[in-house]
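*Asks:* Under our numbering, the first residue of the sequence shown is numbered 250, with each subsequent residue one higher.
In short, the hints are calculated from the structure, not lab data. Glycine included, every Cβ here is placed at the ideal spot set by N, Cα and C. It cannot be assumed that every hint is accurate.
Unchecked claim - Below, simulated SDA-like cross-link-like pairs (lysine to any residue); rule was C-alpha separation at most 25 Å, straight line: (1) 325 with 360; (2) 325 with 361; (3) 325 with 270; (4) 325 with 274; (5) 325 with 276; (6) 325 with 281; (7) 325 with 290; (8) 325 with 310; (9) 325 with 267; (10) 325 with 280; (11) 325 with 284; (12) 325 with 315; (13) 325 with 271.
What the hints assert, rightly or not - So the derived label-pair ranges between C-beta atoms look like this: (14) 274 with 302: 27 to 37 Å; (15) 296 with 318: 13 to 23 Å; (16) 356 with 278: 51 to 61 Å; (17) 317 with 260: 22 to 32 Å; (18) 320 with 297: 19 to 29 Å; (19) 271 with 372: 53 to 63 Å; (20) 270 with 297: 15 to 25 Å; (21) 321 with 348: 38 to 48 Å; (22) 314 with 264: 19 to 29 Å; (23) 305 with 327: 29 to 39 Å.
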Amino acid sequence: MTDWTGALSDYGWWILGLLLLMLETVLPGVYLLFFGIAALVVGMNVLLIGGEWFGWQQQVLAYVVVSAVAVFLGRKWYGAKSETPQSDTLNKRTQRLIGREAVLSDDIVNGRGRVGLEDSWWSVEGPDLPAGARVRVVGADGSVLRVEPATSPAG
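Construct the entire structure; sequences and hints are all you get.
*Replies:* Structural data, given as structure tokens:
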């Protein structure tokens, strides 16, 4: 009968590490990654040094220490990565239109009119202007854009 427990003890850390890394891909979050890497590091040491020189007590202690170091370094690395600041106007489409110029599609009468901008028609508020006038968006209130006459660049 062959002694498979010796082979299992040599590769046990590798099996645990690969299992943790596989679970990392299935479960949300990034926490099993560090423990999986720590298990692979301990498994590499067991294979290089040998199980008879590196007893199970030292292996468990090494796993705890390497896990703590991996978690510390991982948190530091992820914390140092600056997230791209989300624009305050990400989900406020009208705010993104401020500063854009457009041509009035309908007259602005009594302060209200319409303009075509991007792929939509927008209600606008501003001074009375005829259809076809160039306007600049200067503000937004909900889905209503505030406009003013666009000044042509000096030429």
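*Asks:* Which hint numbers doesn't this structure obey?
*Replies:* Hint check: 1, 2 fail, others pass.
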